[in-house]
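For chain H, the structure is supplied; the task is to place chain B on it using the hints.
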Amino acid sequence: MTETDENRADALFHALADRTRRDIMRRVLAGEHSVSTLAAKYDMSFAAVQKHVAVLEKAGLLTKRRSGREQLARGDVEAVRSVASLLVDLEQIWRGRIARIDDLIESDTEPEG
Amino acid sequence: MPVTDVRHDLDNLTLAITAEFAAPVERIWQVYADTRQLEKVWGPPSYPATVVDHDLRPGGRVNYVMTGPEGDKHAGYWQVTTVDEPRGFSFDDGFADLDFTPNPDLPVSENEYTFTERDGGTRATYVSTFASAEGLQQVLDMGIVEGATSAVNQIDELVAAR
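Heads up: the sequence lines are chains H and B, in that order.
Going by our numbering, the first sequence opens with residue 1, and the numbers climb by one from there.
Going by our numbering, the second sequence opens with residue 1001, and the numbers climb by one from there.
Simulated from the structure, these hints should not be mistaken for laboratory data.
There is no bait here: all hints are sound.
Not the full set, but computed from the structure, chain B residues with beta-carbon under 7 Å of chain H: (1) Pro1002; (2) Val1003; (3) Val1006; (4) His1008; (5) Leu1015; (6) Ile1017; (7) Ala1019; (8) Phe1021; (9) Ala1023; (10) Val1031; (11) Lys1040; (12) Val1041; (13) Pro1044.
Just so it is clear, the structure is predicted and the values come from calculations on it, not from any experiment.
Positions of the beta carbon are idealized from the N, C-alpha and C atoms, including for glycine.
Same shape as in the complex, but just chain H (with noise of 0.2 Å):
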């Protein structure tokens, strides 16, 4: 990967990382939200959500656009990038499972005891 891709990936997993945010992309990619409507939907202040929100957006996963008070947010993934980031979070499984192996062959050749 070169350091472009690297810096994407990092952006990409902090922001998938969070449960609240992955289902915030699942409605934004749904349709438009007001942020306000995002914010009813979870156990959690108005600005807990405004941050999650920001969060997505600075990873490109969301944009935000205003229309009157109202702060609107899409998600801002083609189907392309959002199969690319399935593709991520299936990687970092088959990396646990390589760095297990790669232990369990480490500990073949540790001494007894």
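What follows is chain B alone, placed relative to chain H:
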């Protein structure tokens, strides 16, 4: 790092990962041929796997259960398609009911594992292909992704601690 290459094929919904292990091909084969070793590597620490049936032959089945942090159980199976001991094998990986009846409503991935000798060690190639993006999404939405996510969180904490 043992992982040497990662390829994401968005069009074919394929993930290909290459890793290099400091052990002979036969040793890597053993990880999959030995139930206890397979259990150690298959599930993430938060979702340990128990292998219930293990028949690593063409047409054979490997059945496993992963247990989540809240005692939630996820059964899965491998339907083994080809075996070339010790150079690799291929199988379909799917979800099942707790009696290991395959659940046709959940996605199945095609997997091909290849182990080749390289400088006294092993180059392992893992290729997973999904039929649809929805299928891949479903797999990740099931508990298993939480293991990956907790790993990601650990990385985040590590980075934040610097």
